[in-house]
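Same order as they appear, the protein sequences are chains C and L. Just add 16 to wherever you are in the first sequence, counting from 1, and you've got our numbering. Just add 3 to wherever you are in the second sequence, counting from 1, and you've got our numbering.
I should point out that these hints are in silico values taken from the structure, not numbers from a laboratory. Among the hints, a few may not be true.
To be verified - Straight-line C-alpha distance at most 35 Å; calculated DSBU-like pairs for lysine-lysine:
| hint | chain 1 | residue 1 | chain 2 | residue 2 |
| --- | --- | --- | --- | --- |
| 1 | C | K86 | C | K75 |
| 2 | L | K55 | L | K16 |
| 3 | L | K16 | C | K73 |
| 4 | L | K16 | C | K86 |
Unchecked claim - If you want the footprint, here are the derived chain C segments under chain L, 3+ residues with CB under 8 Å:
| hint | region |
| --- | --- |
| 5 | 51–60 |
| 6 | 116–128 |
All residues carry an ideal CB built from backbone N, CA and C; glycine is no exception.
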Amino acid sequence: TQLLEQSPQFLSIQEGENLTVYCNSSSVFSSLQWYRQEPGEGPVLLVTVVTGGEVKKLKRLTFQFGDARKDSSLHITAAQPGDTGLYLCAGAVQGGAQKLVFGQGTRLTINP
Amino acid sequence: AAGVIQSPRHLIKEKRETATLKCYPIPRHDTVYWYQQGPGQDPQFLISFYEKMQSDKGSIPDRFSAQQFSDYHSELNMSSLELGDSALYFCASSPPGTAGNTEAFFGQGTRLTVV
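One chain only, chain L, in its complex shape:
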């Protein structure tokens, strides 16, 4: 079965550079989430999109932005990168379903290293 695809798997950037992470949700899933996971920490919610519209916003820095495109893939854009942005970034998607029964399937993540 198709899973959530994230690219790239690994990314090394220098401070103050820009990075773009891509996420391709499972086909027919209508919700995409972005999470950030620092070393030894649980995933922290950044932002989500439902039917191509931003649905919720978490602890996402103003330097970050994201969008969901007409084909439902999503991109997380990160500018003015800081050392503290080094983390695993996960994308997850959810299928249409009963409101509140949110079952998310995660991609393998992008490991971003800022040097």
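So that you can see chain C by itself, here it is in the shape it has in the complex:
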């Protein structure tokens, strides 16, 4: 069973601070996606990382895939209230049928 452990599960910080969310597993994933979800809405894809060690930047968001493709991190610089939301990582199972395994999510609150 592939499990993704996401941490922290809850994070509340002040506007302007930096933060990092972690996604760890003992399993290797062929790719890993980060999603953001608003209440009552579907997850929206932010980024996909595929290559071990890959780093992708999306404005103030930096995503990194671990060298062994077992872990990933999301770093937000100078957080803003608009960044508030639920962030989910999801790993694609390597080989076999296509399936995404989700982490538990990080509920992020940025206080003005």
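Keeping the supplied structure of chain C fixed, place chain L upon it in accordance with the hints.
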């Protein structure tokens, strides 16, 4: 750009009733997934279809069934509904691509309430 369309957006059913949720994937996407998300929980994989054939099965109860049709839309059929089935049900679709690079795009979900 076209997104994944789910219908209905909201559904209220009584216990022991039957519900059918529909999903229309993004055009030319060949894989459809169904997920269930309970309050405060992460999405749990139910079932997926690749090219109209079931490709994987997760924690889907025997009371549920799903299929993908020739036009690639999918339906999730839920029978003998229980209070615990109340949740958000998401459909997602993926485009054809390199095996293992699964990039899924989600619909807005169907909120099912069983009373």
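Quick one: which hint numbers does this structure break? Sort them smallest to largest. Hint check: 3 and 4 fail, others pass.
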